[in-house]
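Participant: Line order of the protein sequences matches chains A and B.
First residue of the first sequence: 1, per our numbering; consecutive thereafter.
First residue of the second sequence: 1001, per our numbering; consecutive thereafter.
Bear in mind the hints are in silico, worked out from the structure with no lab data behind them.
Among these hints, one or two may not hold up.
[Claimed, not checked] Restraint-style ranges between C-beta atoms, simulated for each label pair:
no.	chain 1	residue 1	chain 2	residue 2	range
1	B	Ala1298	A	Glu279	55 to 61 Å
2	A	Gly105	B	Leu1002	48 to 54 Å
3	A	Thr107	B	Ala1121	53 to 59 Å
4	B	Ala1142	A	Lys13	38 to 44 Å
[Unchecked claim] Some chain B residues flagged as far from chain A (calculated, every beta-carbon gap over 12 Å):
no.	residue
5	Tyr1113
6	Ala1137
7	His1176
8	Ser1222
9	Leu1256
10	Lys1326
All residues carry an ideal CB built from backbone N, CA and C; glycine is no exception.
Each chain, letter by letter, is given below.
There are 2 protein chains.
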Amino acid sequence: MLEHGGNLRDAAKRFGRDDWIDLSTGINPHWYPAPALDGKAWHRLPEPDPALLTAAQAFYGAPHMLPVAGTQAAIQALPRLRKPSRVTVSAPSYAEHAHHWAGHGHTMTLTPYGQLEQAVAHNDVVVVVNPNNPTGAIVPAAQLLQWADQLAARGGWLVVDEAFGDTAQHNSVAAHTARPGLIVLRSVGKFFGLAGIRLGFVAACSDLLRELADQLGPWTISGPAQQIALSALTDRAWQTSTRTQLQASGERLHTLLAGHGITSSGTPLFQWWAEPQAEQFWQHMAERGIWVRLFTQAARGIRLGLPPDEASWQRLHTALTQWTNK
Amino acid sequence: MLEHGGNLRDAAKRFGRDDWIDLSTGINPHWYPAPALDGKAWHRLPEPDPALLTAAQAFYGAPHMLPVAGTQAAIQALPRLRKPSRVTVSAPSYAEHAHHWAGHGHTMTLTPYGQLEQAVAHNDVVVVVNPNNPTGAIVPAAQLLQWADQLAARGGWLVVDEAFGDTAQHNSVAAHTARPGLIVLRSVGKFFGLAGIRLGFVAACSDLLRELADQLGPWTISGPAQQIALSALTDRAWQTSTRTQLQASGERLHTLLAGHGITSSGTPLFQWWAEPQAEQFWQHMAERGIWVRLFTQAARGIRLGLPPDEASWQRLHTALTQWTNK
Chain A
1 MLEHGGNLRD
11 AAKRFGRDDW
21 IDLSTGINPH
31 WYPAPALDGK
41 AWHRLPEPDP
51 ALLTAAQAFY
61 GAPHMLPVAG
71 TQAAIQALPR
81 LRKPSRVTVS
91 APSYAEHAHH
101 WAGHGHTMTL
111 TPYGQLEQAV
121 AHNDVVVVVN
131 PNNPTGAIVP
141 AAQLLQWADQ
151 LAARGGWLVV
161 DEAFGDTAQH
171 NSVAAHTARP
181 GLIVLRSVGK
191 FFGLAGIRLG
201 FVAACSDLLR
211 ELADQLGPWT
221 ISGPAQQIAL
231 SALTDRAWQT
241 STRTQLQASG
251 ERLHTLLAGH
261 GITSSGTPLF
271 QWWAEPQAEQ
281 FWQHMAERGI
291 WVRLFTQAAR
301 GIRLGLPPDE
311 ASWQRLHTAL
321 TQWTNK
Chain B
1001 MLEHGGNLRD
1011 AAKRFGRDDW
1021 IDLSTGINPH
1031 WYPAPALDGK
1041 AWHRLPEPDP
1051 ALLTAAQAFY
1061 GAPHMLPVAG
1071 TQAAIQALPR
1081 LRKPSRVTVS
1091 APSYAEHAHH
1101 WAGHGHTMTL
1111 TPYGQLEQAV
1121 AHNDVVVVVN
1131 PNNPTGAIVP
1141 AAQLLQWADQ
1151 LAARGGWLVV
1161 DEAFGDTAQH
1171 NSVAAHTARP
1181 GLIVLRSVGK
1191 FFGLAGIRLG
1201 FVAACSDLLR
1211 ELADQLGPWT
1221 ISGPAQQIAL
1231 SALTDRAWQT
1241 STRTQLQASG
1251 ERLHTLLAGH
1261 GITSSGTPLF
1271 QWWAEPQAEQ
1281 FWQHMAERGI
1291 WVRLFTQAAR
1301 GIRLGLPPDE
1311 ASWQRLHTAL
1321 TQWTNK
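Here chain A stands alone, though its shape is the one from the complex:
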């Protein structure tokens, strides 16, 4: 299995402390507060709730959606729904896409963001993470829709992973997914800070969603996840204040890094930079109880999520100062 952030047990095993600040993911540290749950949510086989679907379609602005047990479930299932195809995945980006498209008989290549335009012509499936994880790179919606048309004309797919799209909804292509061949993935884990409930949504044309639902089988979304997400997706007040707060925190992180000579890019939920001494930086932070995400493969560098509270911001500030003065 691939390595990911959020693995605090590994951190504790390697560095043996218990006061970790976990900055290794891009998950909102101020999660949506779970409402009181109906006890039957734990008990009953979780039938799909039509109200949840309506709420998701309104929030994401998509005509048709399917709830899935985290974006991960869709990433694993989509490559199974096509005959062997020529597939390219934007690079660097979230590694699970390439990992799963590399199987199932497909011919998978990686394409740097700058060369995606040309790659569209030679492939049946193009996968783009938008905004990108970890670099924050953005492809404009109009560009994506043009690629989707080109691919669809040949029976191809454009898969757009908008897991970090909730703070950039203006650039989402979810509204255009009634057309065949355009597939958008959305995550409830990041913006709402609810990675523990395992819930995401796929927006696509109804035929493809039906095939995907068959592939994934019944009862994929737990009862509690359905109840909490229904509340989160319809809570406009929380969503609005969270967008403002994340915007400010993201800028604060960018500015803090800049103050230490680090030029970073990213989204309101994380910052990333190509760090020449990536392993040393990771080690330096780990020795101070700060768990960051080290990328050693396609994207060589460091990703930092948002500190959860003022004390953590201060510890990060101190550790960065010590790094700069080394």
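Since the structure of chain A is provided, determine the placement of chain B on it from the hints.
Facilitator: Showing chain B alone in chain A's frame:
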């Protein structure tokens, strides 16, 4: 997708009432009470908790286990882990097994329980539900172990679905799964009444569990599911009193049916019989707000789960009397 019990939304849509007694599943109506949860259970990416695994291995008496998002996840994944094979599934039994083994290039046949012995010789994979759902039929553990040896000698598998095995632990083969080729599925949903959390366990040799884990990908078990199950699996007092209570309730259901001329079989969690007027019985009960499970395929008949309270027992009693006097 196949039809299943627990679909109360369908019941309401067809019969338009809101006072349903749901007897359409075999899930314990007195579910394990969820403990207060750490808020971070909703928030963090759910790392696998070693304590949960230890608790499950102790409760099920198995040397190696893998948590999965409900037995269903394992049922869907296992057929993907073998090259095209000759597979037979015991019949009648839980329909999802045959449904998934029928794909992925396998040659799938159904074998009546009485003829399984002979089928072992001609197949690479044999799937048995023990105790069986919906009939309650039991294959003795010693017999299963002998079949497992025969199959393993040829690189084959015996898959034993013990989803309803928690009230018949003496007949479990989970303790013997360190050997290659014997795979046991256990469900947290039925006995603990926690179908909403999506959690089950697979017991098998470590190599197979590793392949299965790779197949299923990361973060399959939600944070809340891990916390609740850890509590449920280690609560010996609740387990003991629940076993006693389910035994008594199962006998009460059997006796109630017998009093209305119905000879049923099953487990403490459900009773089943081959009902010649199955559709009429189902319709009769639905008109009285009692949702039962109608089987029209392999097992033609009716399955009833346990009524949740005394008022429900009385409504069932009345409806049965009206059926008998029709």
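Participant: Tell me, in ascending order, the numbers of any earlier hints that this structure violates.
Facilitator: Those not satisfied are hints 2, 3, 8.
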